[in-house]
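Peer 1: So you can see what is in the structure, the chains are spelled out below.
There are 2 protein chains.
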Amino acid sequence: MSDRSRALVEKFLIRPGKTFRLKDLDPRDTSTVGDEETTKIETDALARDIDALQDRLYAEGRRALLVILQGTDTAGKDGTIRGVFNATGPIGVSVTAFRRPSEDELAHDYLRRAHLACPRRGTIGIFNRSHYEDVLVAKVRSLAPEKDIERRYDQINAFEKMLTENGTTILKFMLHISKDEQKERLQERLDNPNKHWKFNPGDLEDRKSWGDFQKAYEAMLNNCSTEWAPWYVVPADRKWVRNAIVARVVKATLEEMDPQYPKPSWKPGDFKVD
Amino acid sequence: MSDRSRALVEKFLIRPGKTFRLKDLDPRDTSTVGDEETTKIETDALARDIDALQDRLYAEGRRALLVILQGTDTAGKDGTIRGVFNATGPIGVSVTAFRRPSEDELAHDYLRRAHLACPRRGTIGIFNRSHYEDVLVAKVRSLAPEKDIERRYDQINAFEKMLTENGTTILKFMLHISKDEQKERLQERLDNPNKHWKFNPGDLEDRKSWGDFQKAYEAMLNNCSTEWAPWYVVPADRKWVRNAIVARVVKATLEEMDPQYPKPSWKPGDFKVD
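Protein chains in written order, with the working numbering: chain A, 1 to 274; chain B, 1 to 274.
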């Protein structure tokens, strides 16, 4: 890992066992990257590197990468996927958006639909929202008994540990925006007809519970940043900073995984093409 | 549709009701495109146009596009996906590779796994191989009684008609390479260590049945090119020609679908972001 990537990991990784508070991280922080123009060029280069590493991951076919994106409405989950993974071909990348659970999904435990969506070996899976909604909106809106929700942190940790022990590396990014930035972005969705489809009146209801959501995020970060599946909190008021940080961590992670072209079980000389 | 796209559609579309023979189409034909360098630049531009159209399809959220790719081993199914869809972000594109069916899949009818993999509204689904394997390899290797296989053409046509009537536009491309070209590509997989992982000794067995496979492809084309889900046969010995043709047809199809940003059910003035 490059020194620069290591510095980013140090800065934005939530250390297991330490108490983290969201107010200690400035969503407008730009101190870890260079100027906007240079940073955007660097991010494009990182995205191409990720594509090349993904090709090797696919060829190897033995391990997977799961990237989980969480963040309040308008935090930029879709935008991050575009900024970091648009250069990665669709062959080895799957994106799953976790929407309001269906009646069928609710008839199972909450982890099942996440499990079904996990990436197959050789691929990158991206979760746009995830099983963490079950300790976020579920907690704020009391969608399950409090006792049940509190037990989910350990259940999620055990689930993710199992995944990593079976070949799936997990990266979790919380995209952290300020309340002011959300106001601007929601207003933009109301003002720009091409963004009307992104506006959901329910988002305004959630905005009224901003403080409760921030608390739920903190509980999630403090309970579920583990050695095997750490959380990163990314300052996300500036889209170019957000994309730069996520791209750098994803690339560093794939480099550490260091996927290899598999050795064949046959000898090339054994075959003749007629 | 531009005149050029219309000419391509005319040339490579298999007309329902007419008998088509593969030997009438030259896999090395370059007459429908310009020189290699210009064509590649044009294809990159088409790929970006497809990305922009896909964004509108996603916003609209009412219809889907299903792109089916078939072709003998080494015909370039993966390469086509890379060449045509790499500029399209992974958010609205899913790729499904149809491998040897699992025991569970075999315990159902052959169309079920294709149905499960169909794209959700607002997205593009790409099938790398498909339910057509059940009238190709299944026919050549007699994996089912002949009577059962012969009935599948009508079953597939009815299945695809239902999909189109419910909002999914279907494009089917057979990537047509010559036997000589396949020899070169298989040899390249044996000679280049970075391509060893792509080589499957079973491909040599299938190559021995080249003639039977060509007949099975012809039967598929002549029985399943319908008004609602036509087959295109693409000369694929030249990768840049193949990508150019597929990209042009995909773009023209999305343009004809003409997806629109949806009109909201609410009035922007009804809301205030506090």
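Hint data in this document are derived by calculation from the structure and do not stem from the laboratory. Take the hints with a grain of salt, since some may be wrong.
[Unchecked claim] Have a look at the derived ranges for each label pair, beta carbon to beta carbon:
1) B:Gln187 / A:Ala219: 57 to 63 angstroms
2) A:Leu111 / B:Glu103: 21 to 27 angstroms
3) B:Pro16 / A:Glu256: 41 to 47 angstroms
4) B:Gly34 / A:Lys179: 50 to 56 angstroms
[Said to hold, decoys possible] Pairs of lysine-lysine, BS3-like flavour, derived with a Cα cap of 27 angstroms:
5) A:Lys183 / B:Lys23
6) B:Lys267 / A:Lys195
7) A:Lys239 / B:Lys215
8) B:Lys239 / B:Lys198
9) B:Lys161 / A:Lys272
10) A:Lys267 / B:Lys215
11) A:Lys198 / B:Lys267
12) B:Lys23 / B:Lys267
13) A:Lys18 / A:Lys179
14) A:Lys198 / B:Lys263
15) A:Lys147 / A:Lys161
16) B:Lys23 / A:Lys263
17) A:Lys267 / B:Lys23
18) B:Lys183 / B:Lys40
19) B:Lys179 / B:Lys239
20) B:Lys179 / B:Lys23
21) B:Lys18 / A:Lys267
22) A:Lys272 / B:Lys263
23) A:Lys198 / A:Lys11
24) A:Lys263 / B:Lys263
25) A:Lys208 / B:Lys272
Glycine residues also receive a C-beta, built at the ideal position from the N, C-alpha and C atoms.
Peer 1: Looking at the structure, which of the earlier hints fail to hold?
Peer 2: 3, 5, 7, 9, 10, 12, 16, 17, 21, 22, 23 and 24
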